[in-house]
Amino acid sequence: MSELIHTCYRILDPEASVDFYEKLGFEVLHRMPIGDDATNIFMGLPGDGARLELTHNHDVTDPYEIGTGYGHIAITVGDMDGTLARLAELGIEPEKPPYTVREGGSRLCFVRDPDDYRIELIELNDADERATSGD
1 MSELIHTCYR ILDPEASVDF YEKLGFEVLH RMPIGDDATN IFMGLPGDGA RLELTHNHDV
61 TDPYEIGTGY GHIAITVGDM DGTLARLAEL GIEPEKPPYT VREGGSRLCF VRDPDDYRIE
121 LIELNDADER ATSGD
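Here this note's numbering is used: position 118 in the sequence shown is 118, and no number is missing along the way.
Among the clues, some could well be false.
Stated by the list, open to error - Label-pair distances were calculated between CB atoms; the ranges are: (1) Gly35 x Tyr64: 16 to 22 Å; (2) Thr55 x Thr100: 32 to 38 Å; (3) Gly104 x Tyr70: 28 to 34 Å; (4) Ala38 x Val101: 16 to 22 Å.
In short, the hints are calculated from the structure, not lab data. Note that the Cβ used here is the ideal one computed from N, Cα and C, for glycine as well.
My request is simple: use the sequences and hints to build the entire structure.
Have a look at this one:
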C-alpha cells in the first residue's frame with residue numbers, strides 16, 4: 001500500500017524556518033546536502049517520521065511565490081488555548097482567533113511560517129477525530 005510520506009516547502013532562511021517549526025513541536029531528523037546547490041532539512045513531530053522537507057536553494061534570495069493553488073498543512077494540538085499561549089510567548093500569533101466551521105466542530109486557527117506558508121492548528125473533537133482516523 002502507498003503512503004504519503006512528506007510535504008516539501010522551499011525556504012529562504014533555514015535557521016528561521018527550523019526555529020519556527022521547532023516552536024510547533026517538530027524536530028530536525030536529517031539534513032541532506034544536494035550537491036553544492038541546496039540542502040534538504042527533514043523534520044517531523046515526535047514519533048511520526050520525516051513528514052516535512054524544507055529545501056533551501058542556496059542561490060535563491062527572492063521570496064518564493066506560493067501561488068493560488070496552495071492551501072495549508074494541518075497539525076493537531078491537544079489544547080488549543082495552551083498551544084496558542086505558548087506560541088505567543090515565542091512570538092507566533094494566529095491570523096485570527098480560533099473558530100469552528102460548523103456547530104460542534106473542531107476548533108482551528110492558522111499561523112504562518114517565515115516563508116508565509118499557512119499551517120492549520122486543529123484541536124480535534126471526538127467526532128472529527130474518528131473521521132480523520134478513517135474509522
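Now the hints, each set against the structure:
{"no.": "1", "hint": "Gly35 x Tyr64: 16 to 22 Å", "result": "holds (20 Å)"}
{"no.": "2", "hint": "Thr55 x Thr100: 32 to 38 Å", "result": "holds (34 Å)"}
{"no.": "3", "hint": "Gly104 x Tyr70: 28 to 34 Å", "result": "holds (29 Å)"}
{"no.": "4", "hint": "Ala38 x Val101: 16 to 22 Å", "result": "violated (37 Å)"}
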